[in-house]
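Novice: Listed below, chain by chain, are the residues.
8 protein chains.
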Amino acid sequence: MTEIKVGIIMGSQSDWPTMKEAATILDDLGVPYEAKIVSAHRTPDRLWEYGKKAAERGLQVIIAGAGGAAHLPGMVASKTRVPVVGVPVQTRALSGVDSLYSIVQMPKGFPVATMAIGAAGAANAGLMAAGILALQDKDLAQRLDAWREALSASIPEEPIDD
Amino acid sequence: MTEIKVGIIMGSQSDWPTMKEAATILDDLGVPYEAKIVSAHRTPDRLWEYGKKAAERGLQVIIAGAGGAAHLPGMVASKTRVPVVGVPVQTRALSGVDSLYSIVQMPKGFPVATMAIGAAGAANAGLMAAGILALQDKDLAQRLDAWREALSASIPEEPIDD
Amino acid sequence: MTEIKVGIIMGSQSDWPTMKEAATILDDLGVPYEAKIVSAHRTPDRLWEYGKKAAERGLQVIIAGAGGAAHLPGMVASKTRVPVVGVPVQTRALSGVDSLYSIVQMPKGFPVATMAIGAAGAANAGLMAAGILALQDKDLAQRLDAWREALSASIPEEPIDD
Amino acid sequence: MTEIKVGIIMGSQSDWPTMKEAATILDDLGVPYEAKIVSAHRTPDRLWEYGKKAAERGLQVIIAGAGGAAHLPGMVASKTRVPVVGVPVQTRALSGVDSLYSIVQMPKGFPVATMAIGAAGAANAGLMAAGILALQDKDLAQRLDAWREALSASIPEEPIDD
Amino acid sequence: MTEIKVGIIMGSQSDWPTMKEAATILDDLGVPYEAKIVSAHRTPDRLWEYGKKAAERGLQVIIAGAGGAAHLPGMVASKTRVPVVGVPVQTRALSGVDSLYSIVQMPKGFPVATMAIGAAGAANAGLMAAGILALQDKDLAQRLDAWREALSASIPEEPIDD
Amino acid sequence: MTEIKVGIIMGSQSDWPTMKEAATILDDLGVPYEAKIVSAHRTPDRLWEYGKKAAERGLQVIIAGAGGAAHLPGMVASKTRVPVVGVPVQTRALSGVDSLYSIVQMPKGFPVATMAIGAAGAANAGLMAAGILALQDKDLAQRLDAWREALSASIPEEPIDD
Amino acid sequence: MTEIKVGIIMGSQSDWPTMKEAATILDDLGVPYEAKIVSAHRTPDRLWEYGKKAAERGLQVIIAGAGGAAHLPGMVASKTRVPVVGVPVQTRALSGVDSLYSIVQMPKGFPVATMAIGAAGAANAGLMAAGILALQDKDLAQRLDAWREALSASIPEEPIDD
Amino acid sequence: MTEIKVGIIMGSQSDWPTMKEAATILDDLGVPYEAKIVSAHRTPDRLWEYGKKAAERGLQVIIAGAGGAAHLPGMVASKTRVPVVGVPVQTRALSGVDSLYSIVQMPKGFPVATMAIGAAGAANAGLMAAGILALQDKDLAQRLDAWREALSASIPEEPIDD
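Residue numbers (the working numbering), protein chains in the order written: chain A, 1 to 162; chain B, 1 to 162; chain C, 1 to 162; chain D, 1 to 162; chain E, 1 to 162; chain F, 1 to 162; chain G, 1 to 162; chain H, 1 to 162.
In isolation and in its complexed conformation, chain A is listed as follows (with noise of 0.2 Å):
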């Protein structure tokens, strides 16, 4: 069986459409990965748990959505060395800038490995974890490049009138 690596944790299923970005990566980089919905506030003993068994269960990062007042990121990252990838989810008074400073402004102790807000954000955890795993894994390695020089491959020279 395949070992999971990833854990990808996120507040709520209203978070997925933005989530599934890290998730399609994984995929298209052939890293497994588990999803999960992990509410800080809601479900804080899974919370728990997971924080607490994610280095023995091997996995190697963990990718955190949330927004607003986005505790989960660093809750998780409290609770366990492995490195927390945290994604803030956009939102809707503030555009998620309270999703970004609730993940980002972490004390000293406890990083948190902080991407852009929204999709964007989430796709590019996935390359993250992506990155850190391809430190021990030379294929992974090979295909991240892969994925790089396909990106900057499809720029076209000049702009098209739609």
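FYI, nobody ran anything at the bench for these hints, they're computed from the structure.
Since we're looking at a predicted model, the values are computed, not measured.
Note that CB positions come from ideal geometry on N, CA and C, so glycine has one too.
Careful: at least some of the hints might be erroneous.
If we take Cβ atoms under 10 Å as the criterion, some of the chain C residues that face chain A in the derived model are [unchecked claim]:
1) P88
2) Q90
3) S95
4) V97
5) L100
6) A116
7) A120
8) R148
9) L151
10) S152
11) E157
12) E158
13) P159
14) D161
Capping the alpha-carbon separation at 25 Å, the derived lysine to any residue pairs in SDA-like fashion look like this [what the hints assert, rightly or not]:
15) A/K108 to H/A35
16) F/K53 to G/Q13
17) H/K36 to F/S152
18) B/K108 to A/A35
19) C/K36 to E/T24
20) G/K20 to F/G109
21) H/K52 to A/R143
22) E/K108 to D/Q13
23) F/K36 to D/S14
24) C/K20 to A/K20
25) F/K36 to D/E158
26) G/K36 to A/K52
27) E/K108 to F/Q136
28) D/K53 to C/E49
29) F/K52 to E/D45
30) F/K108 to G/E149
31) F/K52 to G/D137
32) B/K20 to D/S14
33) F/K108 to A/P159
34) E/K53 to D/W147
35) G/K20 to G/Q142
36) G/K138 to F/Q136
37) A/K108 to H/I160
38) B/K52 to C/L151
39) D/K108 to E/D45
40) C/K36 to E/A153
Since the structure of chain A is provided, determine the placement of chains B, C, D, E, F, G and H on it from the hints.
Specialist: Frame of chain A; chains B, C, D, E, F, G and H shown alone:
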């Protein structure tokens, strides 16, 4: 022995100069309280315990102060139905806007009664706690009324030059 | 007759779609309340009356929602020691940041228990009111615990595609 | 006896160093004024009285300065048709953006003529009051024109090193 | 012929849907006005002329609306002692915060009586103009009082579901 | 006599410590310039004259610095086709965000080449002016290239402790 | 063959609807240009080449548009002394404030002539380029003057209802 | 010889007091690193080289700190698949919000693991690097766990007055 009804918790020793304002108000109004350092990230298990036992210990209000990615108030609120009053501590780079957003923008289900940034907010947290307790304590209600009247009476009619 | 313990007040009819969320929560938890339009600027005398009589009428919590230069929560708080919970209503130009600052940045002496901007904040205002009343009402405390447990239980383990 | 035509009011003694700038301008232009501390939250009844009697007392402009959740200018404007000029006092955490939003974002019906944050805004409040009074007072209009010309004339052609 | 006492000027035709709110209020209160397009950048000489002749033409209040780098209100204020009321028009990218800062943050010497962003601000500009004119016009003062009373009277006691 | 090609103008003497950075760069690169105080609000006619005569006087770049409601750069740009470089001067309450928005958010038709807030922006205004002049002046182009190379060469490989 | 004097570059095809405004202005003024996609991150070598060859290819102005962490304008400016005009493209979460800060806040040594966020800024970038080229091209200077006069002449005296 | 696994790079010497916090953490955890000044704008070729050779040189994590229009982290990320951790250095006018937005808002394809603004962020960058390396190094994992436990253990139960 006087039963402690208000718990003042804060993320770190550096929050105490701010949070002491809450303690001073409670002292002035004769409300017994405790003051503890409970860091959401550095002592997450302490936070868990604190939240889980708050109700059975007879706490009626929890005042929680934190700065930056300020997860303490919201995380305690996720563990107990005891009303949580949040104080955004002023920060160096973002002046406490990060603290404010991390505390106030809680998702449906877990209110945190957020106060103003900094010392005024901490003092007001003490007054909010007193106001809640006064609903069941006529003597405290009178002391609170007197405190408010004294504040109003202290305002001179005209400004004076230094 | 059931005594009304919570007053929901708002600056205008246009705030009701937001503030109704507070009413719904109180309905769900069986807490009797009233809902009134009390405009700080258009009906200042109504505000005065409301604040002055709140305690003697037996109100235990006042939930006040307003947008823009949102003076209603703070002005009511200046007239009564009854705990005031403030809800910043989302606004067109500034998304409710104006409402938030006008409500939360109260000076020492007059706390307003500020909630998140918009509908989530209004729902949480209802829960905060319930949490305060539950300190004196074991049945309500149980209903609130049950509401919280149901919320937690409703969270699926994994996100699902639409 | 000279009739007082301008009322300068402020939320607290700590606003006076800012609001004194308005008084100085009025002194310079020979406009009689009074300066009072009227706190929206600590002395709401004083505010009520002040607003209600402003017109009959012959006040023609009210200059109101306040900081943070600055409700004074807007609340006075709700009690009188006399033009209210608002001065956002600079604050510690939010630099007066909270004051500005609380003063300027008034709903339809109750304008507050908002000035710049801080001392420049207070001086300009004095000038705005003078400009309004000058509509009925040719001598004052001439003094105001002279003040403006003197300001223009005071600007050197070239900057000088210290 | 009725003398025009209020000039409504705006930076472009696209500001008219906002500024019309000021005109509507003046219509309702029977205050004669003119509405002109005067662009600070595209028709600077028109602005110059407008400012320079305002006093001698008998204008008593100038209402100036503009968006973005909104220089119109402040530049007119530099050319005339006639009170200038500024309306920050809402903008696409920055929601009118750019307009607000460009209008309100005037240096000492040249006040602009700044209103709220957008339509409410424009309506209030009309009311502020009326309030200033009412200082010399008892009939207008009565009409303004009546307008205010009607507004207050229009507020229902309780919110209604749609 | 050396023809002056760059005009440095600023709203007040207090902007000179910032704007001197532009002058220093121009001195270093041997570009003749003049430095004048031209206040948009206090000396609007001076601004008018300056803008109107800029092209015929042979000015090739105008560097305009101002703070707060910073109208100088945009108003000069409305009076001349000579390229205008704007420098947002840092302000006390809003740190120059007000200056930045007032300068950069110009409407279609009147570009202002906006630089960073404060001293770095002023120095860069000098470099931008030099870069524009260098298009017609090979010697200056070489001096500018040399200045850039010297800057790059001055960067040590490794940081050093104080 | 007409020599190309202005290069319009942008980070991605999605920036073209904005940047086309610059192209339209240059078309209107008869200024030959090229439009290229040069992504700072996806095609860094293309950026390198573009910057390095700009001067020798005879480019006199580079207009660079980008959104979010908008590094293109500043990075090109680091590679060439040719004046770079930056256009902050509006973004979904942060409305282009991220683009603006990433473009305008350049350190000493590498100015980017920053325009307004979005389409108005792109059009102005075209006008700024024309203004720079007009310093050496009297015919273009006349066409630019005519364009400006036509813009001014197009402004009606009074607003019209739709 | 110990192989260097972490590269700390920064835009200028003035960033070193901040970035030294990362170095100190790596020293404490026994992780070999190098510290270099690599300016995106002043030494773009150095940046190019650094990015291009990072993988082959065996670097496993790059920590990049910069302020203002902070392009260094993102540009390095465009040149290498090695994980890049970004530290927004606090700035004078905008307190590091400019740095934060310039670093975190990366487009899809090029993640930068963004930390908090300033010294806490730099220390956390060191911890994030250690956490990534610990995935392949059990001894380091233990030292990191010990570091975290010591941090937790250092938190006293109660705050103390100075």
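Novice: None of the hints should be skipped; say for each whether it holds.
Specialist: Hints, one by one, checked against the model:
The closest approach between the C-beta of C/P88 and any C-beta of chain A is roughly 8 Å, which is under the 10 Å cut-off, so the hint is satisfied. Of the supplied interface hints, the one on C/Q90 holds, with its beta-carbon coming within about 5 Å of a beta-carbon of chain A, less than 10 Å. At about 5 Å, the closest approach between the beta carbon of C/S95 and any beta carbon in chain A falls short of 10 Å, and the interface hint on this residue holds. For the restraint placing C/V97 at the interface with chain A, the shortest Cβ-Cβ distance is roughly 7 Å, inside the 10 Å limit, so the hint holds.
Contact between C/L100 and chain A, as hinted, is supported at the beta carbon level, the nearest pair being about 9 Å apart and thus within 10 Å. With its C-beta approaching chain A no nearer than about 7 Å, C/A116 sits inside the 10 Å limit, and its interface hint holds. Given the 10 Å rule on beta carbons, the hint for C/A120 holds: about 8 Å separates it from the nearest Cβ of chain A. Interface restraint check for C/R148: the shortest CB-CB distance to chain A comes to about 8 Å, inside 10 Å, so the restraint holds.
Against a cut-off of 10 Å between C-beta atoms, the interface hint on C/L151 holds, since the closest Cβ of chain A lies about 6 Å away. The interface hint given for C/S152 is met, as the beta carbon of that residue sits about 5 Å from the closest beta carbon of chain A, less than 10 Å. The criterion of a C-beta within 10 Å of any C-beta in chain A is met by C/E157, whose closest approach is roughly 6 Å, and the hint holds. With a least beta-carbon distance of about 6 Å to chain A, the hint placing C/E158 at the interface is held under the 10 Å criterion.
With a cut of 10 Å, the hint placing C/P159 at the interface with chain A holds, because the nearest CB-to-CB distance is about 4 Å. Checking C/D161 against chain A: minimum C-beta separation of about 8 Å stays under 10 Å; hint holds. This hinted pair checks out: A/K108 and H/A35 have alpha carbons roughly 20 Å apart, not beyond 25 Å. At roughly 42 Å between alpha-carbon atoms, F/K53 and G/Q13 are farther apart than 25 Å, so this suggested pair is violated.
For the given pair, H/K36 sits about 14 Å from F/S152 by alpha-carbon distance, which is consistent with the 25 Å threshold. Distance hint between B/K108 and A/A35 is fulfilled; the C-alpha atoms sit about 23 Å from each other, no more than 25 Å. A threshold of 25 Å between alpha carbons decides the hint, and for C/K36 with E/T24 the separation of about 30 Å lies outside it, so the pair is violated. Taking the CA atoms of G/K20 and F/G109, the gap is about 15 Å. The hint holds against a cut of 25 Å.
Taken as a hint, the H/K52 and A/R143 pair is honoured in the structure, with Cα atoms around 18 Å apart against an allowance of 25 Å. With a C-alpha separation of about 23 Å, the suggested pair E/K108 and D/Q13 falls inside the 25 Å cut-off, and the hint holds. For the hint linking F/K36 to D/S14, the alpha-carbon distance of about 38 Å lies beyond 25 Å, and the restraint is violated. Straight-line distance between C-alpha atoms of C/K20 and A/K20 comes to about 33 Å, which puts the hinted pair past the 25 Å bound.
Of the pairs offered as hints, the one joining F/K36 and D/E158 holds, with about 4 Å between alpha carbons and a cut-off of 25 Å not exceeded. Using a Cα cut-off of 25 Å, the hinted pair G/K36 and A/K52 is violated, with the two alpha carbons roughly 50 Å apart. Between the alpha carbons of E/K108 and F/Q136 the distance comes to roughly 42 Å, so the proposed pair goes past 25 Å and is violated. Under the criterion of a C-alpha separation no larger than 25 Å, the hint pairing D/K53 with C/E49 is consistent with the structure, at around 19 Å.
Restraint check for F/K52 and E/D45: the C-alpha separation of about 11 Å stays at or below 25 Å, so the hint holds. Of the supplied pair hints, the one linking F/K108 and G/E149 holds, its CA atoms being roughly 14 Å apart against a limit of 25 Å. For the hint linking F/K52 to G/D137, the alpha-carbon distance of about 19 Å falls within 25 Å, and the restraint holds. Taken as a hint, the B/K20 and D/S14 pair is honoured in the structure, with Cα atoms around 22 Å apart against an allowance of 25 Å.
Annotation: proposed proximity of F/K108 to A/P159 holds, straight-line Cα distance about 23 Å (limit 25 Å). Proposed proximity of E/K53 and D/W147 is supported: the alpha carbons are some 19 Å apart, at most 25 Å. A distance of roughly 23 Å separates the Cα atoms of G/K20 and G/Q142; the hinted pair therefore holds under the 25 Å criterion. Proposed proximity of G/K138 and F/Q136 is supported: the alpha carbons are some 14 Å apart, at most 25 Å.
With a C-alpha separation of about 21 Å, the suggested pairing of A/K108 with H/I160 holds against the 25 Å cut-off. Of the supplied pair hints, the one linking B/K52 and C/L151 holds, its CA atoms being roughly 17 Å apart against a limit of 25 Å. Note on D/K108 and E/D45: the hinted pairing is violated, with a Cα-Cα distance of about 33 Å set against a maximum of 25 Å. Restraint check for C/K36 and E/A153: satisfied, since their Cα atoms lie roughly 15 Å apart, inside the 25 Å limit.
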